Amino acid sequence: MSATTLETVYERLAEAIDATGSEKETLLLAKLALLLAEALGDPDRVVGLIEDAARDLD
Amino acid sequence: MRPEGRGELDSLYFTYPTFDAPERRDHLTDRAAVVIVGGGPVGLTAALTLARCGVPSVLLEAKSTYNDGSRAICIARQSYHIFETLGVVAPFVDKALGWTTGRTFYRGRQILEFEMPDGPHEKYRPMYNLEQQYIEQFLHEAVRANPLIDMRWQSEVTGIGDEDGGVTLQVRDANGTYALPADWVLAADGARSAIRGMRGLRFSGQNYEGRYVIADVRMHHDYPTIRRALFDPACRPGGTVLIHRQPDDIWRIDYQLRDGESAEAATREDAVRASVAGVLSEIGHEGQWELEWWSVYSANTLALDDYRDGRIFFIGDSAHIVPIFGVRGLNNGLADAQNIGWKLARVIKRTAAETLLDSYSPERRGATLDVFANASKSTRFMTPPTRGWQVMRDAALSLALNHPFAGAFANPRQMTPYTYADSPITLADRDGFACGPTPGAVITNARLDDGFLSDRLGPGFTVLAFGALDEEERIATVDPDATIVTLDPQGETARAYDAEAGTVYLVRPDEHVAARWKRATGGDVAAVLAAILSGQGAGQ
Numbered sequence: 001m002s003a004t005t006l007e008t009v010y011e012r013l014a015e016a017i018d019a020t021g022s023e024k025e026t027l028l029l030a031k032l033a034l035l036l037a038e039a040l041g042d043p044d045r046v047v048g049l050i051e052d053a054a055r056d057l058d
Numbered sequence: 001m002r003p004e005g006r007g008e009l010d011s012l013y014f015t016y017p018t019f020d021a022p023e024r025r026d027h028l029t030d031r032a033a034v035v036i037v038g039g040g041p042v043g044l045t046a047a048l049t050l051a052r053c054g055v056p057s058v059l060l061e062a063k064s065t066y067n068d069g070s071r072a073i074c075i076a077r078q079s080y081h082i083f084e085t086l087g088v089v090a091p092f093v094d095k096a097l098g099w100t101t102g103r104t105f106y107r108g109r110q111i112l113e114f115e116m117p118d119g120p121h122e123k124y125r126p127m128y129n130l131e132q133q134y135i136e137q138f139l140h141e142a143v144r145a146n147p148l149i150d151m152r153w154q155s156e157v158t159g160i161g162d163e164d165g166g167v168t169l170q171v172r173d174a175n176g177t178y179a180l181p182a183d184w185v186l187a188a189d190g191a192r193s194a195i196r197g198m199r200g201l202r203f204s205g206q207n208y209e210g211r212y213v214i215a216d217v218r219m220h221h222d223y224p225t226i227r228r229a230l231f232d233p234a235c236r237p238g239g240t241v242l243i244h245r246q247p248d249d250i251w252r253i254d255y256q257l258r259d260g261e262s263a264e265a266a267t268r269e270d271a272v273r274a275s276v277a278g279v280l281s282e283i284g285h286e287g288q289w290e291l292e293w294w295s296v297y298s299a300n301t302l303a304l305d306d307y308r309d310g311r312i313f314f315i316g317d318s319a320h321i322v323p324i325f326g327v328r329g330l331n332n333g334l335a336d337a338q339n340i341g342w343k344l345a346r347v348i349k350r351t352a353a354e355t356l357l358d359s360y361s362p363e364r365r366g367a368t369l370d371v372f373a374n375a376s377k378s379t380r381f382m383t384p385p386t387r388g389w390q391v392m393r394d395a396a397l398s399l400a401l402n403h404p405f406a407g408a409f410a411n412p413r414q415m416t417p418y419t420y421a422d423s424p425i426t427l428a429d430r431d432g433f434a435c436g437p438t439p440g441a442v443i444t445n446a447r448l449d450d451g452f453l454s455d456r457l458g459p460g461f462t463v464l465a466f467g468a469l470d471e472e473e474r475i476a477t478v479d480p481d482a483t484i485v486t487l488d489p490q491g492e493t494a495r496a497y498d499a500e501a502g503t504v505y506l507v508r509p510d511e512h513v514a515a516r517w518k519r520a521t522g523g524d525v526a527a528v529l530a531a532i533l534s535g536q537g538a539g540q
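Line by line, the protein sequences are chains Z and S. Going letter by letter, the first sequence gives residues 1 to 58 in the numbering used here. Going letter by letter, the second sequence gives residues 1 to 540 in the numbering used here.
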C-alpha cells in the first residue's frame, strides 16, 4: 500500500469517528477491527497487532 | 412458582400423582448393595442402569411426586441412546419434540440460523424438548415395574456415617425413622445436595452475574420447534431472551434480568406477566396465553473437586452446576449416572476390580470442566461481564446483520458428549487412523441393514470387528458378557471408521471407544479388556 492510500484510510477513520460521536466510536472501531481481521485471514498476526496497538497509549 | 390461587402442583397440562412413604416396614433396614439418594432424572437413570446389570438398589426421594415445573427441557441425542439401552426410550420418542435448528436475532433481525449435526446415519435427532416432569414420569414408570429397584418416596436422609466397608444412612419418612446400611451410595440429590452438605464438601468455581427468569406459557403459537435467541430485543433493551417450544402447547420464555433488578421483584407475578407479554408481542403472538409456571436461576460454573468421597459418589447437580446455554445440566447428569452405574455394577458383581471406580471422577469431572470452558464463552456472549466483552459482543452482533461470518460468534455451541481421551481406561491410539471415533469418544452411528450400528451393541462391552477376528474366543475368557459384532470391512461403516480387514474397535457399555487397532486379534482385545476390568488401566 502506498503512503497516499494509507493516508486516505487515516483521514476516513478520523471523519468516521467524528461522524459517529464518542458514544458509539468504540463500537465502530471494534466492528472495523473484526472486519479487518476477517479480511486478513491471519488471526495470529491480528493478535500480535492488538499487542502492538496496546503499547504506548499514555 | 405459579400464579395466584394455584398451588405448586396445579399445572395446566400435567396431573401430578402422589406417592406415599413405604407402609411395609419390615424390610426397610435390610442392607442395600446401593442406595441412591434423589429420585430425579439422574437418580432414576442410575437405578435403571444398575438394574440392567442385575444389581438391586434402594432409591430414596424426599418429595411425594415429580418435579414441580418443566425445568430441564433439552434432552440431547446421547441421552436418548442412554434411555434406549435402559429400554425406556419409546415414550420419549412419542412425546418429545425433536429439533435441529436454532435462529438468532439481533434487534428483531435474524442474524444466524444454525443446524446441529444430523443425518441419515443418526438414529435420533440432536436435541429433544420435553418437560422435566415427563422425563421423570417415563423413567419412574420403568423403575416401578422393575423388581430390582425399591423406590421409597417421602423418604429424607437426615444423617450419613461411614462404617467398615459401607455407609449407614439415617432415613426419616411420614411413618418413622430408621437406619439403612449400604455398601455404596450414589448422591443424586441435586444442586442443594443434603449429602454434600452432611459430608462437609463444598463446590469450587464461579458465580456469574447474569440471572435469568424461566417462564412457561400455554398458547397456540404457530412456529416450528426451533430455538430462538433474541439479543437486544425491543422488549428488553440490552438483554437476551430464549424461546423454546415444548409439548402440550407449552412455550418456554427465558429472559435475562437487568443489572440491579432484584430477583424477588422480577419474579412477582405481575412482573413476570409484563415481561412475558413484551416477549410475545416481540415475536408477533397476538392470541391468548396462560401463565403456567416460572422460576429464576443464575449462570454458575461450580463443581466438586472430587466426585467421590469414600463409598459415596456424587452424580448430576450434586456434583456440578453448569449454565444452561450448553444444555448440559441434565444431559451430563444422565451420563454421570450411566458411567458410575456400569462400573459399580461390575465391581459389585465382582467382574471388575474396585479400582475401576477410580476412573469415574476424572472422566465425569473432565466432562464438567469441558462444559465450563464452552459455557463460559456462551455465558460471556449472553451476559457480557465487563465493558470489553460488551463492546466486542455488540460489535459482532451489529456486524452480523450484514456479514454472516460474525453471526458465528452467536452460535450457542450445543455440546457434544465429552471425549475421555485422558482417562486411565482409555488406550491412546498406536495406529494411525484418518477418521472414525477416537479413543474415549462416543461411537459414530451408522446405517446398518435395516437399522443402525447402535442397535447391534450389546449390554456390556462390544467388540466391533471389521472382517474375521482371529482368536475371537479369547475375549469370552476375560469378559463373558462381551458382545462381538462382525462388520463388513468394505462397507459404509468401514469407511466412516477408517477400517480394513482386521480393524477392531472396543466399545464400552456407555458407547465410548476404549481402544482401537488397525489390525488386532481377539488376544489383543482380551488383554486390554482384562487391564480395564482389573483396574490396571488400559495402557498397562
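Hints were generated in silico from the structure; no laboratory data involved. As the structure is a computational prediction, the values presented were derived from the model and not from experiment. Cβ atoms here follow ideal geometry from the backbone N, Cα and C, with glycine treated the same way. A hint or two may mislead.
[Said to hold, decoys possible] If you want a taste of the chain S side facing chain Z, the calculated C-beta under 8 Å gives, among others: (1) VAL391; (2) ALA395; (3) SER398; (4) LEU401.
Outcome of the hint check:
1. VAL391: Because about 5 Å separates VAL391(S) from the closest Cβ in chain Z, which is inside the 8 Å limit, the hint holds.
2. ALA395: Holds, because the Cβ-Cβ distance from ALA395(S) to chain Z comes to roughly 4 Å (cut-off 8 Å).
3. SER398: OK, holds: SER398(S) within 8 Å of chain Z, min 6 Å.
4. LEU401: Violated, about 10 Å.
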